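Peer 1: Sequence:
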Amino acid sequence: MPNCAFYYLAIIATARLGLILVNVNPAYQSDELKHSLTLAEVKCLVTIEKFKTQNYPEILEKVDPDIWKRPPNTSVKSKILPTLESVIFYSENRFNGAYNLQTFLDLGFNADYNIPKIQPDEGCNIQFTSGTTGKPKAALLNHFALINNAYFIMKRLGIYDNTNEGKLHKFCCPMPLFHAFALSIAVVAPMVTKSTVYLPSAHFDPKATVDVLTKEKCTFIFGTPTIYVDTMSVFEKLPPEQQDNNLKIAISGGAPCSPNLMIKFKKMFPRAKILSLFGMTETSPCTFQNFSDDSDERIMSTMGFIQDHVEAKVVDTNGDMVPFGTPGELLIRGYLKMNGYFNDVEKTKETIDSNGWLHTGDQFVLFEDGYGNHVGRLKEMIIRGGENLFPKEIEYFLESHPLISQVQVYGIPDERMGEELCASVILKEEAKITEADIKAYSKGKIAHFKIPKYIFIEKDAFPMTASGKVQKYRLREMSIQRISSLT
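All residue numbers for the sequence shown refer to the UniProt record's numbering, where the first residue is 1 and numbers rise by one.
Just so you know, these hints were derived from the structure itself, not from any lab.
Be aware that a few hints might be false.
[Said to hold, decoys possible] In silico BS3-like links for lysine-lysine, alpha-carbon gap of 27 Å or less:
no., residue 1, residue 2
1, Lys450, Lys432
2, Lys273, Lys170
3, Lys170, Lys194
4, Lys264, Lys117
5, Lys155, Lys135
6, Lys155, Lys34
7, Lys267, Lys432
8, Lys453, Lys379
9, Lys217, Lys273
10, Lys266, Lys428
11, Lys392, Lys379
12, Lys237, Lys215
13, Lys217, Lys266
14, Lys170, Lys62
15, Lys237, Lys248
16, Lys69, Lys52
17, Lys69, Lys117
18, Lys34, Lys135
19, Lys445, Lys428
20, Lys170, Lys266
21, Lys135, Lys62
[Claimed, not checked] Simulated restraints on C-beta separations:
no., residue 1, residue 2, range
22, Gly418, Pro120, 45 to 51 Å
23, Asp296, Thr326, 23 to 29 Å
24, Asn355, Ile446, 27 to 33 Å
25, Asp296, Lys155, 21 to 27 Å
26, Phe367, Asp320, 15 to 21 Å
27, Glu297, Asp121, 36 to 42 Å
None of these values were measured; they are calculated from a predicted model.
Glycine included, C-beta positions come from ideal geometry on N, C-alpha and C.
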């Protein structure tokens, strides 16, 4: 479901009733929806009728052509979705084989219902992983992890303290509520801090986000780097008299934020502090985070300090701990880890070992002072002629070019080298440079083997998940096709 007040209330209500809320991306098509509903054994689906180009009754009919062959306000009987019992449309219209919301609510108006007692470690929320590399997995998060992680995020920001006298803030939430980042900071954290939440639009809209910042005077915003790039692009075009805002804190998460983007943000919002938050869906979500009084140098060079009451270690391919400052895989242990992947025991065992360590799949450097830095995803590491190359380092360098806005670097198969570097580049508005110009800029500034062999100037935005993560596998597929057509 897209962002709306009803979705917000549904998240809170299901948790209070001891139910498990399954968050489904509103951009899903029939095969993706079928996978999600089947994997999570969904019993009741609540949805709107239409959103953007999506027509949900039609999408559900593609999943099961017989799903609507029943009278209105009746239960579902589906052989394809055997666990599904009810479909409820947040709409005034009536649908065969489904309820509209008001009719459904009327059924329970006089019902005598006892609120169940809920245990803190019970699962309450299923978050589907991003699906940037394959079919999403269903991570089951629990009450205890979500509430405490949100509390410690806010405490570190100074928005909440032990005397319950934290400064009240106005939160701007441009991210989709089905994302773990938004669930924590836009739903749970405001209840902890007694803050107000603004949902600028049903889906991310940079103009609506800027309107909320300038007209509603929000003091706190969070988002992915892509969200900040697009929001700042709209903001900088406003006349100076319309740029007045009260922004004090910005959190960047979901993907690493480059130093160049942070510098640009600070110039545009000089009274605000932009900080990093690092984690993953499976850790509810935050594992590392900056302090609000960290120096600019520390903010730009690390992903922050390990979260309170959380253990972390970095290991090599044999599972042995590496020295401080040495890259390896980040492992996390503590209250914040998921209960497991729903209905997938094998994947859960692969991710959480017998000692309770959650293997993140992230290439990470842990420093002696407790701060850490993300190097890249283990699966994204490029091995070119025996050299281990990490895309993020090259992306950050290329983004230092004054005419380049965004960069994604990835490996493509090469018969001689095993893999070759390829970069997809988005230029700043009205900028004109060529592949040769970018290679010339790089020569002498980074090692020759880190200069991408192939560089493509993209005219369109990078393919994204709905939560704002770039789908590198799609860029890789596009580039392989382009290179094949050239040979």
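Peer 1: Take the hints in turn and mark each one as holding or not.
Peer 2: Tested hints:
The straight-line distance between the Cα atoms of Lys450 and Lys432 is roughly 23 Å, inside the 27 Å bound, and the hint therefore holds. As the CA atoms of Lys273 and Lys170 are separated by approximately 15 Å, the hinted pair is consistent with the 27 Å bound. In summary, the hint linking Lys170 to Lys194 is supported, as the alpha carbons are separated by about 10 Å, within the 27 Å threshold. Taking the CA atoms of Lys264 and Lys117, the gap is about 49 Å. The hint is violated against a cut of 27 Å.
Taking the CA atoms of Lys155 and Lys135, the gap is about 35 Å. The hint is violated against a cut of 27 Å. For a cut-off of 27 Å, the pair hint linking Lys155 to Lys34 is broken: about 40 Å separates their Cα positions. Under the criterion of a C-alpha separation no larger than 27 Å, the hint pairing Lys267 with Lys432 is consistent with the structure, at around 24 Å. As the CA atoms of Lys453 and Lys379 are separated by approximately 20 Å, the hinted pair is consistent with the 27 Å bound.
Only pairs whose Cα atoms come within 27 Å are accepted, and Lys217 paired with Lys273 is accepted, the gap being roughly 16 Å. Restraint check for Lys266 and Lys428: satisfied, since their Cα atoms lie roughly 19 Å apart, inside the 27 Å limit. Taking the CA atoms of Lys392 and Lys379, the gap is about 13 Å. The hint holds against a cut of 27 Å. Of the supplied pair hints, the one linking Lys237 and Lys215 holds, its CA atoms being roughly 16 Å apart against a limit of 27 Å.
At most 27 Å may separate the alpha-carbon atoms for a hinted pair to count; Lys217 and Lys266 meet this at roughly 17 Å. About 41 Å separates the Cα atoms of Lys170 and Lys62, which puts this hinted pair outside 27 Å; it is violated. Between Lys237 and Lys248 the CA atoms are separated by roughly 21 Å; this keeps the pair inside 27 Å, and the hint holds. As the CA atoms of Lys69 and Lys52 are separated by approximately 26 Å, the hinted pair is consistent with the 27 Å bound.
In summary, the hint linking Lys69 to Lys117 is not supported, as the alpha carbons are separated by about 38 Å, beyond the 27 Å threshold. The straight-line distance between the Cα atoms of Lys34 and Lys135 is roughly 12 Å, inside the 27 Å bound, and the hint therefore holds. Our distance criterion of 27 Å between C-alpha atoms is met by Lys445 and Lys428, whose separation comes to about 21 Å. Restraint check: the Cα-Cα separation between Lys170 and Lys266 comes to about 20 Å, which is no more than 27 Å; the hinted pair holds.
For the proposed pair Lys135 and Lys62, the alpha carbon gap of about 19 Å is at most 27 Å, so the pair holds. Against the hinted window of 45 to 51 Å, the Cβ-Cβ separation of Gly418 and Pro120 comes to about 48 Å, which satisfies the hint. Against the hinted window of 23 to 29 Å, the Cβ-Cβ separation of Asp296 and Thr326 comes to about 26 Å, which satisfies the hint. With their beta carbons about 39 Å apart, Asn355 and Ile446 fall outside the hinted range of 27 to 33 Å.
Between Asp296 and Lys155 the beta carbon distance is about 22 Å. The supplied range of 21 to 27 Å therefore holds. The hinted range of 15 to 21 Å is satisfied by Phe367 and Asp320, whose Cβ atoms lie roughly 19 Å apart. For the pair Glu297 and Asp121, the supplied restraint of 36 to 42 Å holds, since their beta-carbon distance comes to about 39 Å.
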